[in-house]
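Protein chains in written order, with our numbering: chain L, 1 to 271; chain A, 272 to 696.
Think of the hints as simulated: they come from the structure by calculation, not from any bench. Ideal placement from N, C-alpha and C gives every residue a C-beta, glycine not left out. Treat the hints with care, since some could be wrong.
One-sided and incomplete, this derived list gives chain L residues near chain A with beta-carbon spacing under 7 Å [claimed, not checked]:
#, residue
1, 56
2, 59
3, 78
4, 102
5, 103
6, 128
7, 155
8, 159
9, 183
10, 184
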Amino acid sequence: MRGLTEVLEAARAEGRAALVGYLPAGYPSVTGAVDAMLAMVRGGVDVVEVGLPYSDPLMDGPTIQRAVEVALEHGTTTDDVFTTVRDVAGSGAPTLVMSYWNPVERYGVRRFSEALVAAGGAGVITPDLTPDEAGTAPSDWLGATDATGLDRVFLVAPSSTEDRLRFTAEHCRGFVYAASTMGVTGTRSAVGDSAETLVRRVRAVTDKPVCVGLGVSDGNQAAQVASFADGVIVGSAFVRALLDATSPEAGVRAVEQLAGELADGVRRGRS
Amino acid sequence: MSAPVRRSPDSGGHFGPYGGRFVPEALMAALDELAAAYEKARLDDAFQTELTGLLTTYAGRPSPITDARRFAEHAGGARVLLKREDLNHTGSHKINNVLGQALLARDMGKTRVIAETGAGQHGVATATAAALLGLECVVYMGEEDTRRQALNVARMRLLGAEVVPVDAGSRTLKDAINEAMRDWVTSVERTHYILGTVTGPHPFPDMVRDFQRIIGDEARQQVLDLTGRLPDAVVACVGGGSNAMGIFTAFLDDTDVRLFGFEAGGEGVDSGRHAARMSGGSPGVLHGTRTYVLQDEMGQTLPSHSVSAGLDYPGVGPQHAWLHDTGRATYAPITDTEAMDAFALLCRTEGIIPAIESAHALSGAAKVGLDLGPDAIVLVNLSGRGDKDVDTAAKWFAVISDEDIVESAVAVVEESPQDASGQGW
Ligand SMILES: Cc1ncc(COP(=O)(O)O)c(C=O)c1O
Numbered sequence: 001m002r003g004l005t006e007v008l009e010a011a012r013a014e015g016r017a018a019l020v021g022y023l024p025a026g027y028p029s030v031t032g033a034v035d036a037m038l039a040m041v042r043g044g045v046d047v048v049e050v051g052l053p054y055s056d057p058l059m060d061g062p063t064i065q066r067a068v069e070v071a072l073e074h075g076t077t078t079d080d081v082f083t084t085v086r087d088v089a090g091s092g093a094p095t096l097v098m099s100y101w102n103p104v105e106r107y108g109v110r111r112f113s114e115a116l117v118a119a120g121g122a123g124v125i126t127p128d129l130t131p132d133e134a135g136t137a138p139s140d141w142l143g144a145t146d147a148t149g150l151d152r153v154f155l156v157a158p159s160s161t162e163d164r165l166r167f168t169a170e171h172c173r174g175f176v177y178a179a180s181t182m183g184v185t186g187t188r189s190a191v192g193d194s195a196e197t198l199v200r201r202v203r204a205v206t207d208k209p210v211c212v213g214l215g216v217s218d219g220n221q222a223a224q225v226a227s228f229a230d231g232v233i234v235g236s237a238f239v240r241a242l243l244d245a246t247s248p249e250a251g252v253r254a255v256e257q258l259a260g261e262l263a264d265g266v267r268r269g270r271s
Numbered sequence: 272m273s274a275p276v277r278r279s280p281d282s283g284g285h286f287g288p289y290g291g292r293f294v295p296e297a298l299m300a301a302l303d304e305l306a307a308a309y310e311k312a313r314l315d316d317a318f319q320t321e322l323t324g325l326l327t328t329y330a331g332r333p334s335p336i337t338d339a340r341r342f343a344e345h346a347g348g349a350r351v352l353l354k355r356e357d358l359n360h361t362g363s364h365k366i367n368n369v370l371g372q373a374l375l376a377r378d379m380g381k382t383r384v385i386a387e388t389g390a391g392q393h394g395v396a397t398a399t400a401a402a403l404l405g406l407e408c409v410v411y412m413g414e415e416d417t418r419r420q421a422l423n424v425a426r427m428r429l430l431g432a433e434v435v436p437v438d439a440g441s442r443t444l445k446d447a448i449n450e451a452m453r454d455w456v457t458s459v460e461r462t463h464y465i466l467g468t469v470t471g472p473h474p475f476p477d478m479v480r481d482f483q484r485i486i487g488d489e490a491r492q493q494v495l496d497l498t499g500r501l502p503d504a505v506v507a508c509v510g511g512g513s514n515a516m517g518i519f520t521a522f523l524d525d526t527d528v529r530l531f532g533f534e535a536g537g538e539g540v541d542s543g544r545h546a547a548r549m550s551g552g553s554p555g556v557l558h559g560t561r562t563y564v565l566q567d568e569m570g571q572t573l574p575s576h577s578v579s580a581g582l583d584y585p586g587v588g589p590q591h592a593w594l595h596d597t598g599r600a601t602y603a604p605i606t607d608t609e610a611m612d613a614f615a616l617l618c619r620t621e622g623i624i625p626a627i628e629s630a631h632a633l634s635g636a637a638k639v640g641l642d643l644g645p646d647a648i649v650l651v652n653l654s655g656r657g658d659k660d661v662d663t664a665a666k667w668f669a670v671i672s673d674e675d676i677v678e679s680a681v682a683v684v685e686e687s688p689q690d691a692s693g694q695g696w
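The whole structure should be built from the sequences, with the hints applied where relevant.
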């Protein structure tokens, strides 16, 4: 299995951005989510982000909130997330976990890291943990990820100062997650200029790959973002495809089709 | 006492292992800006003079202390002194913090303020300050709370605020905070989030405590003037913990003064339906801070329960977590029934209708008085008045049929007039 860095480099060598797809574990069911994530990979997603369902997702808009609420009502556990990672990583696509901080700390920071490595996971994205709080017990995330070799992805935002961009990028491993706009997850009709400006500002302080998330929902937007970023992250649009589907099978088909459209988009971005 | 109590957090806002900042990066710049603006205002004579002026000529400070002699007969004969935050403009201690933050918002050039509210007292205070300073105001309130505190929804709309009922999750204070945070991430450039209690990311726990410490600063001197000595115990209810930190802070160095915080015990800690974070929760991260949280073994927040909307919250301010661990303050639960009994007792013995939140402190004070005996002086923070709770209490005690009172309040809420832009006025 190739690592996250290799996959991002391979995409770069092909002259395109990588496609990163997000879905939460446990929606519509644990196995149903795995089916949908494997469909994303078949459709052309290079990297999978498995969301760990959390009761208070304050970076998420209504679409992801709804799916996550259902996943929690069905009793999805942290161990189910690791099972999901194992089944998805088996496809060969580098698989990351996206998790709010409390479930990680509650599981045990070291124990969580080791369980994720055992499941074949590549790393973790932490939307509400910045490097400021990541270096001391009981949240010694830097120590745990260094010890296990996991990639760790922090976010930068249009509001981040120059100092914070540098500080955050320094602590990222794998890639830097650039939030395209000030806001929460959700599809948007247009990706604004702020994403491109932010990517330019990040590149001025680091050589690490920069992937852009928040708001990308179709092939044209993917192409637009792919023209300046190393990776395009799509979440709510995949979740929407599942929520709108009339059956789990139809959902899986819709996800695969959307992945195909987005994969075309990231290949059109630089042409 | 086991360990020294760090009163001022380090530069990252930590109290021992608690506090800090666990927020999306998008908010970090705003929090840094706020911390800097607050640090400047704290030392700025013009700011402090303006705030003190509003607190005296607008909010009605200083609030008096009242010797509750007839109530005291039910508290082991101890002398019970009530710090009358219920007499403040808008009816609770919440106005102290809101006036400070609203001035700060204006000074930072923000034209819009948002707030979360549970009981509605913080929302009313925020709507009030926004009207006073000409700021746009949006208040997020759990749908469940808009129903049980309908009177306050009407007050906020009368004051010109937009009230947004939140129907996500448990539909109470926790979810209102999530929604306010989501708004803030999106609108931070022109919006200040007036958080209503001593929790959330740094600098909120620090700043809100400082704006509320006037309660204890006044009360300490008032008790000395009245009795010639310090109280033996200081008692407050603890939701997020702002009225408690407000009255505790002046006494932290008086190591002979015992501090008691009473949380909502709901239907009993064993029932699982409560908001007793210290006895029924564990350390975790919620709403940007590390503190005691009601959570399951996976780290999912558990729903809280209380007859009192203002105490119905699964987290608590990080400084309380630290005061608990170090033993400087003692925290205990008061059940719904105990609180309502104390509510009735204060009504009948003193002619004061307390907020149900504050009734938790009164019930606790009676226990502390019984424990300490007739020579003791017990200072109680009467954090708010009970007008907003009249329909809940009327139903609880069956003094009136369900519909009579409630319907008139609900009618005001539902039929609030619209202005040209379609917002409630
Ligand atoms: C009268 C009153 N007391 C207490 C509280 C609880 O908040 P805190 O613990 O921050 O004082 C509230 C909250 O709404 C309130 O309205």
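TODO: Could you check the structure against the hints above and give me the numbers of any it violates, in ascending order?
DONE: Violated hints: none; all satisfied.
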